[in-house]
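Student: These are the residues of each chain, in order.
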Amino acid sequence: MAGTTVRGRLTWQVATVSRLADETPSVRTIELQVPGWPGHRAGQHLDVRLTAEDGYQAERSYSIASAPGEPVAITVERLDDGEVSPYLTEELRPGDELELRGPIGGYFVWDADDGGRPLLLVAGGSGVVPLRSILRHHERSGATTATRLLYSSRSLPDVIYRDELDQYRDGVEVIYTLTRSQPPGWTGHAGRVDAALLAKVAWSVSQDPLTFVCGPTSFVEAVAGGLVELGYPPGQVKTERFGATGATGGT
Amino acid sequence: MDELDGNAIGGLLQEVFGTEMTASVGTCATCGATGPVAQTVVYLRAPGTVVRCRTCTSVLMVVVGVRGRNCVDLRGLATLEVR
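Chains as they are written, first to last, in this note's numbering: chain U, 2 to 252; chain B, 109 to 191.
There may be inaccurate statements among the hints.
Take a look, some chain B residues computed to stay more than 12 Å from chain U by CB distance [unchecked claim]:
id	residue
1	Asn115
2	Ala116
3	Leu120
4	Thr130
5	Ala131
6	Tyr151
7	Cys164
8	Val170
9	Leu182
10	Arg183
11	Gly184
12	Thr187
Derived coverage of chain B by chain U (criterion: at least 3 residues anywhere in the stretch with Cβ under 8 Å from a Cβ of chain U; other residues may be distant) [what the hints assert, rightly or not]:
id	segment
13	121-127
14	136-145
The calculated label-pair distances, taken between Cβ atoms and stated as ranges, are [to be verified]:
id	chain 1	residue 1	chain 2	residue 2	range
15	U	Gly172	B	Arg177	49 to 55 Å
16	B	Phe125	U	Gly236	39 to 45 Å
17	B	Phe125	U	Glu54	30 to 36 Å
18	B	Arg162	U	Lys201	25 to 31 Å
19	U	Ser142	B	Thr163	34 to 40 Å
20	U	Arg20	B	Leu182	23 to 29 Å
21	U	Tyr57	B	Phe125	26 to 32 Å
These aren't lab readings, by the way, just hints derived from the structure by calculation.
Heads up, the beta-carbon is just placed ideally off N, CA and C, and yes, glycines get one too.
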C-alpha cells in the first residue's frame with residue numbers, strides 16, 4: 002500500500018531544513034521537518050545521505066540532538082577534509098531538502114522511566130550531542146534522577162550547547178574539563194579525563210548508576226577503562242564511538 | 109582507518125535484518141564472548157563493512173553492498189539474537 006511503512010523497516014525519506022543555529026564557529030545545529038517521523042528515543046541517531054550530480058553518494062550517521070517530542074535536530078561538527086559535514090555546516094539553508102533515514106539504535110538510549118538509577122554522562126567533543134538529547138529528555142519528562150555530565154572539550158569556545166548546559170540546576174550537574182587551553186581565572190578542571198577525575202565525578206558503583214560515554218574512539222576507550230578500574234561492571238557502561246576524526250558514524 | 113563500534117551500523121543492520129539490531133546480543137564463534145552488537149568493533153570501509161569481536165578481534169560479520177544488494181557473511185557468529 003502506498004505511503005505506509007512496514008514497522009522496523011528503514012526507508013530513505015526527504016526532510017526539509019527548518020532552522021539552523023551556530024553552536025560554535027565549527028558546529029551547527031540543523032532542525033528538520035520530517036514528514037511522518039515516528040518519534041525517537043533519547044540517544045538515537047539517523048543516517049544522512051548526500052547524492053552528487055554524478056550519482057556519487059555519501060552516507061553519515063548523526064546523533065539526534067533534540068529530546069523525544071521535540072522537532073528532529075542534528076548537531077554537526079565541520080571536518081575540514083570531510084565529504085559531508087562542510088556541506089551540512091556551510092552550504093545548507095532553511096528550506097533545503099535533505100535525505101535521511103531513522104530513528105536508528107536501541108542500545109545507546111535512555112528512557113525517562115529507566116528507574117531512579119543515577120545517570121552519569123561522559124562526553125568528548127561532539128560526543129555531547131546524544132547526551133544533550135538525554136539531558137533534555139530528563140528535564141522535559143520531569144525526571145528527578147540525579148544526573149552528572151562530565152564534558153571534555155578542547156577549550157571553552159569549543160563547548161557545544163554551553164549556554165544551555167550552564168542553566169541546569171536541581172540535580173543536574175555539568176562538569177567541564179578543558180584539554181587544550183583554559184581561559185584566565187578558569188576554576189574548572191583542565192586536562193584529559195583520567196582515573197583521578199573519574200574518581201571525583203563518577204557515582205559510586207554501589208548506587209548502581211547508568212552510564213553513557215560518547216566521543217572519539219580513543220576517548221571512549223580511556224573513559225570506559227577508567228570506569229572499569231573504579232569497579233564499574235563493563236557491561237553497564239554504554240559506549241558510542243565516532244572514530245578518531247569524527248568523520249564516520251556516531252555524531 | 110577509523111575504528112568505530114556497532115552503533116555506527118544500526119542503519120545498515122536494520123536494512124539487512126528488518127529490525128533494530130544494536131541492542132541484540134551475539135556470540136563470537138571463535139572465543140565465545142557474548143555482548144550487544146553495539147559493542148563490537150566496526151570498520152566501515154574495509155572495503156565493505158567489517159565487524160570484529162571486541163574480546164578476540166575475530167571477524168564476526170562482513171557486509172558488502174553490490175549493485176544495490178547487501179551480501180552478508182555471518183560465519184564468525186555462533187549466535188545472533190533477532191527480535
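Student: Each hint should be assessed against the structure and marked as holding or not.
Tutor: Going down the list of hints, with the structure as the test:
no., hint, in the structure
1, Asn115, "5 Å, violated"
2, Ala116, "3 Å, violated"
3, Leu120, "8 Å, violated"
4, Thr130, "4 Å, violated"
5, Ala131, "4 Å, violated"
6, Tyr151, "10 Å, violated"
7, Cys164, "15 Å, holds"
8, Val170, "17 Å, holds"
9, Leu182, "19 Å, holds"
10, Arg183, "24 Å, holds"
11, Gly184, "20 Å, holds"
12, Thr187, "17 Å, holds"
13, 121-127, "holds (count 4)"
14, 136-145, "holds (count 3)"
15, Gly172/U <-> Arg177/B: 49 to 55 Å, "50 Å, holds"
16, Phe125/B <-> Gly236/U: 39 to 45 Å, "23 Å, violated"
17, Phe125/B <-> Glu54/U: 30 to 36 Å, "33 Å, holds"
18, Arg162/B <-> Lys201/U: 25 to 31 Å, "28 Å, holds"
19, Ser142/U <-> Thr163/B: 34 to 40 Å, "36 Å, holds"
20, Arg20/U <-> Leu182/B: 23 to 29 Å, "42 Å, violated"
21, Tyr57/U <-> Phe125/B: 26 to 32 Å, "27 Å, holds"
Violated hints, in rising order: 1, 2, 3, 4, 5, 6, 16, 20; the structure is consistent with all others.
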